[in-house]
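For reference, the chains in residue letters:
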Amino acid sequence: MKFCVCIKQVPDVTAPIQIRDGALSMDAGRVVLNAYDASAVEEALVLTEATDDEVDVVLIGPDRATETIRKALAMGAARGTHLVVPESTELDSAAVSKILADRFEGHSYDVILTGKQAQDTDAGLGGGMLAERLGLPFATNAVGLAIEGNQLIVTRQGDTGQEILAIPTPCLVTCSNDMNNPRIPNLKGVMGAKKKPVDSAPLADIPSAAVRVLGFESLPTRSPGRFIEGETAEQVAELVGLLELS
Amino acid sequence: MPTILAYVAVQNGSPSRGSLEVLSRARQIAENQGAICAACVLTADASSVVGELGRYGAQKVYAVNNPVFRQHINAPVLAALEAMIGHAQPSLVVFPSSEGVKDVLGALAVRTGASVLPDVASFEMKDGAVEALRPVMAAKFMARTRAEGALVLVSVRAGSYEATESPAEATIEEIPFSFDQSALRQTLREIVGSTAGAIDLADAQVVIAAGRGVKDEAGKQLVEELAEVLGAGIGSSRAVVESGMFPATAQIGQTGKVVSPDLYIGVGISGAIQHVAGMSNSRTIVAINTNPDAPIFDVATYGIVGDLYKVLPILIEEIKKKKTVAT
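Protein chains in written order, with our numbering: chain X, 1 to 246; chain H, 1 to 327.
For the record, the hints were derived by calculation from the structure and aren't laboratory data.
Incorrect hints may have been included.
[As the list claims (entries may be wrong)] What follows is a list of derived Cβ distance ranges for each label pair:
| no. | chain 1 | residue 1 | chain 2 | residue 2 | range |
| --- | --- | --- | --- | --- | --- |
| 1 | H | Gly231 | X | Asp110 | 45 to 55 Å |
| 2 | H | Gly231 | X | Asp63 | 49 to 59 Å |
| 3 | H | Glu228 | X | Ala233 | 13 to 23 Å |
| 4 | X | Ala166 | H | Ser14 | 24 to 34 Å |
Just so you know, these numbers come straight off a predicted model, no measurement behind them.
Cβ atoms here follow ideal geometry from the backbone N, Cα and C, with glycine treated the same way.
Can you build the whole structure from these sequences, using the hints too?
In structure tokens, the structure reads:
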């Protein structure tokens, strides 16, 4: 089966981030492959390991995002497509899915994978939007994938349990980070990635965004609580006295 | 008159708590905008919930009755919501941010030409558009976002609004809907690790959350005993789910469930920001942890620095005593 994984470069959310004048300021400036997308790449690699099939990746982002494509290639993907947009281009999920849908026209992938959301926006819309534009059956929040004939068996985390679905290919699946532990590229992979093809071209038409970010704010804080002191029995007695139990 | 639509998820024959929260918020917005507050329900039989939806302010209930909605499969849900929106012509549709809703929201927005604000902590109408605060960057910050368009879809995190009653005389209107099974394409084979019958975490009034401090079967049993005496749902941090001690449905946090119970008790849980994002709307937060510097104490109402293996047995006994006296 032919796989393509849609990936995104995101700020490293574990690095120090401050708010200045309503904008996020990341002095460290560290950027990484979105963790959910890394799980999608890993799963595509595992599912194609036993076959001759290759895994492609596609990314929308500024010039500097090429390094994130190289990361996926170092993991084992065969080739990348970089749709280049100017630095700080504002794209909402609808615009991203529009660009990707145009890109997938004329390609025949059996499975399109992507992360269930991006770590920076946490929106989780792009996968479903892309599937709808391409007219593909889809599943989201997958924690397990298997190939069975010409269909995919998807285990997804639902509201009341894990739902096991059979979906015919071609299809689109969004992946949870609970699916696997993405491999860390070894030196051979990193060196090999430099020679792999990356088709890079500036994006001619950038759709306008209907959803805009006006600014960033700190999280609301809770009023401060207090420690309950004393010996364990005293602590518990005081706590139980404080709780309203019905 | 414009219509504000609230999507109501029905679980075990009743509207979910998150659904009543968004219905209450939709009602407030409708009152301010001079709009009709309507609910929409996809279920096997909507007649059983109409009374309750009216009590929370729905003036109208749009219903699609079909046994296919006993389980979540995205294709028929999408088709029914599309029919519902086409029929009711709302300017705004408000959803509880459940996994079922997350599954269809993006596709529905494309299909109906709507703008969409997912997983918001609050929202309002402002100058003809919808503005919302939503957690971003792994829940470290809030982004103020604005959606333009004739139709806006908003999904709301659990516990963001209170479910409040405001009785209205709800009339039910059934939307004609047929779904070709052969067009279903995907099939649901089974649901494993189902929590059906157990206390649903998202709806629970009391939640016990287990963290890394719960190291073994004995610790797990203490958590289960405490949950039993309190009638609580059991949640956990991601690390403990990964260890296999609790099911994935128990995971609370930015990538798991968002809970907002009256009482949350974190047991041996450090309170990483991703976990706190899933429980900080709880009314009273109790934290039990050996490490006084654990970040969970920053959001706790009451903190006990102590070993859960010593604290829980006494706590279980004390609660039993208090409950016996009360009844």
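Starting from the hint 49 to 59 Å, judge whether the C-beta atoms of Gly231(H) and Asp63(X) obey it. holds (57 Å)
So the hint says 45 to 55 Å: do the beta-carbon atoms of Gly231(H) and Asp110(X) match that? holds (48 Å)
Does 13 to 23 Å hold as the CB distance between Glu228(H) and Ala233(X), or does it fail? holds (22 Å)
For the range 24 to 34 Å, tell me whether the beta carbons of Ala166(X) and Ser14(H) fit it or not. holds (31 Å)
The structure shown violates none of the earlier numbered hints.
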